[in-house]
Structure formats: C-alpha cells, structure tokens
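Here is how the chains run, residue by residue.
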Amino acid sequence: ETGVTQSPTHLIKTRGQQVTLRCSSQSGHNTVSWYQQALGQGPQFIFQYYREEENGRGNFPPRFSGLQFPNYSSELNVNALELDDSALYLCASSDGTGRVQETQYFGPGTRLLVL
Amino acid sequence: AQSVAQPEDQVNVAEGNPLTVKCTYSVSGNPYLFWYVQYPNRGLQFLLKYITGDNLVKGSYGFEAEFNKSQTSFHLKKPSALVSDSALYFCAVRDLTGGFKTIFGAGTRLFVKA
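Quick mapping for you: the protein sequence lines, in order, are chains A and B.
Using my numbering, the first residue of the first sequence is number 1, and each one after it goes up by one.
Using my numbering, the first residue of the second sequence is number 1, and each one after it goes up by one.
Just so you know, the hints here were simulated from the structure itself, not pulled from any lab data.
Built from N, CA and C at the ideal position, the CB exists for glycine as well.
You may find that some hints are simply not true.
Short derived list, chain B residues pointing at chain A, Cβ under 10 Å [unchecked claim]:
#	residue
1	Y36
2	R42
3	L44
4	N68
5	A92
6	G105
Facing chain B, according to a computed beta carbon distance under 10 Å, are these residues of chain A, among others [stated by the list, open to error]:
#	residue
7	Q37
8	G40
9	Q44
10	F45
11	R57
12	S86
13	L90
14	A92
15	E102
16	F106
17	G107
18	P108
19	G109
20	R111
With the rest of the complex left out, here is chain B:
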C-alpha cells in the first residue's frame, strides 16, 4: 500500500536559517509526491510536486524539495525561513490504485522564531 511518513511532529527554526521538513514514502511503482501547507482555519495550499525529471523541485514561496529515490525521501527545504512560514506542512503521495486519491502524512508543524 502507498504511504507517507513525516517523522517529526514539530520543527523549530530561527528566522533567516535554512529549514528542512522531512518526508519518506512507500509506493509500488513510480512515486507522485506533493507538499501542501495549511494555515490556521484554512484549507490546504499547494506548494510543489514531483512527477518525473529533475530531483530538485522548486515551488511556491521559495520552497523546494529534493526527491531521493534510493532513500525514498522527499524533504521540503527553504534556504532562509520567515516567521510567516510558520504553519502545518503535509507531504502526500498519489495512490493510483482504486481511483486517484491522495494519501497524506500526519503533518509537521513548523515554528519559525524571530
């Protein structure tokens, strides 16, 4: 079965420092991976996706993610964190069995301190 794991419930980083939010996946076949962000009392906003091609994917708001097939990881990164990046981040994988549903991780809460 397809699944994603986000090993950290929370990540703390100082403003201006680089940030990484970790994600590992388990799929049969090619992985189709996504990152979403959720602000309080809001729906999910799409950040970026990996379908094929370059392992470094660039997305919205200066975020990028690195696809690593050998480590089955898709970590979200940003070179310089902003206080406004504080939010809940979800990694997700597209499940191609029985409809095109998306399976989400449990989420990682990012706190950026000024």
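The shape of chain A in the complex, shown without the other chains:
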C-alpha cells in the first residue's frame, strides 16, 4: 500500500503567476482534502473532493480551485498568486466511508514561495 504523494516538493513563483500542485491519494482512498499551512500556524482547510465532486470548502477565495480525477488523484490550482500564498500545501486522503470517523492521511507537502 502506497502513501499519499505530492509534487513538486518545492516551488518558487512570482506574484501574479499561476501554480498547479499535484497529489496522489493513498491506495483505495476516494476523498482528498487540501490544506494550507503558513509558517508557524496549523493547517487551514481549503477544500475537499469526494468522487470528483467538491463537497466542502474553507474560507479561501475562488482563485483557489481544484480537480479530482477518476483515479482519485487531485490538483490544486492557485491563480494570481499573492505573497501571502507562500506556505506549505498539504494534501490528505481518506477512504470516504463513515465520514465522521474517517482518518485523513497526509502527504509530505509542497512548499510554495511567492516572490
């Protein structure tokens, strides 16, 4: 069984650019969530996808968007990058059954620096 993987590990962009981050779910998991972790803070929920549909969103503007593919891998897209978007972006997968108690398993993250 493989864990959650994310790519790239690090990324440097300039303000105004667009970025795409990728995540491969743990085997058998159909639910993916994305979190933003700013330096010195806890992760903040961006959104969640279940079977290719967004089924929850945090307080992030529309320039944060995502996709989930039939194989349950996922992308996070951020348009019009701002300096405050610099953070560690974490992807987490879960099996989507019995959602209340399901455990989310996190990938290693992508560290994004916006200059």
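Given chain A's structure and the hints, the job is docking chain B onto it.
For chain B alone, coordinates are given in the frame of chain A:
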C-alpha cells in the same frame, strides 16, 4: 463554530519523564478529535483519534489521549518521553458543517532533552 485551542506554544520535558500536551475544544454536538505530529519538513502523521467509547484512547508510538467531556479537553500524554518525540503536535476537531473538514489548533512544539 467548532474550534480547538492549544494553550502552550512549547512544552519542555526531560527524557524518561511523562509528557502532556494540552488541547481544549469547542463543538456543537459530538466531538470527533484527533492528534497529529509533524516532524521538520514533513507532512502530518496521524497519532490517534476519539470518536466514541472509552475516554482513554491509545495511539501510535506509545501516545495516548484522555477525553474529558466536562472539561472539554483532549490532552495528549506519554508515560516516558523520548528525545525522538521532539516535534510539533497538532490537536484537531472534525467539523461536520459544510463538508467534513478538519480544524487544527495552532500547534505545540515539544522539546525532549536528553
């Protein structure tokens, strides 16, 4: 709104001594609580969760947590700390409103001295 608070930014403990990392929560309805650990430049690793049942939950790496409904607390504990336990610990609560997101505390940094 659901929330968690970790009142200590940092906890220092000597190796071999018991450790406690504190967490309090505020939820409407039943609480679903989690502890995660984060090592430098790594993602979060799941330690344990409370859903229902026994108030003492046992997890990975010898950690356990005690759920106390009257005090709305979910403190993480370990009987004997190891230097390798030094890391950042996050308490989290499952928010059942508007999607099944998890709300994390700000984190507590644990330092275990040899």
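Outcome of the hint check:
At a threshold of 10 Å, the smallest CB-CB gap from Y36/B to chain A is about 8 Å, leaving the interface hint in force. Hint status for R42/B: holds, given a least beta-carbon distance of 6 Å to chain A, under 10 Å. Given hint, L44/B at the interface with chain A, holds; its Cβ is 4 Å from that chain's nearest Cβ, closer than 10 Å. Interface hint at N68/B: violated, since its Cβ lies 19 Å from the closest Cβ of chain A, which is beyond the 10 Å cut-off.
Because the beta carbon of A92/B sits about 8 Å from the nearest beta carbon in chain A, less than 10 Å, this interface hint is met. Restraint check, G105/B versus chain A: the minimum CB separation of about 5 Å is within 10 Å; hint holds. Interface hint status for Q37/A: upheld, as the beta-carbon distance to the closest one in chain B is roughly 9 Å, under 10 Å. For G40/A, the suggested interface contact is upheld, since its CB lies about 8 Å from the closest CB of chain B, less than 10 Å.
Nearest Cβ of chain B to the Cβ of Q44/A: about 8 Å, under the 10 Å cut. The hint holds. For the restraint placing F45/A at the interface with chain B, the shortest Cβ-Cβ distance is roughly 4 Å, inside the 10 Å limit, so the hint holds. A distance limit of 10 Å between C-beta atoms decides the matter here; for R57/A the minimum to chain B is near 7 Å, and the interface restraint holds. Below 10 Å, beta-carbon pairs count as interface contacts, and S86/A has none with chain B, the closest being about 15 Å; its hint is therefore violated.
Evaluation of the L90/A hint against chain B yields a held restraint, the C-beta minimum of about 6 Å falling below 10 Å. Below 10 Å, beta-carbon pairs count as interface contacts, and A92/A has one with chain B at about 8 Å; its hint therefore holds. About 8 Å separates the beta-carbon of E102/A from the nearest beta-carbon of chain B, less than 10 Å, and the hint is met. For F106/A, the suggested interface contact is upheld, since its CB lies about 4 Å from the closest CB of chain B, less than 10 Å.
Given the 10 Å rule on beta carbons, the hint for G107/A holds: about 5 Å separates it from the nearest Cβ of chain B. A least Cβ separation of about 5 Å between P108/A and chain B falls short of the 10 Å threshold, and the interface hint therefore holds. Against a cut-off of 10 Å between C-beta atoms, the interface hint on G109/A holds, since the closest Cβ of chain B lies about 5 Å away. Annotation: R111/A was flagged as interfacial toward chain B, and the flag holds, the nearest CB pair being 8 Å apart, inside 10 Å.
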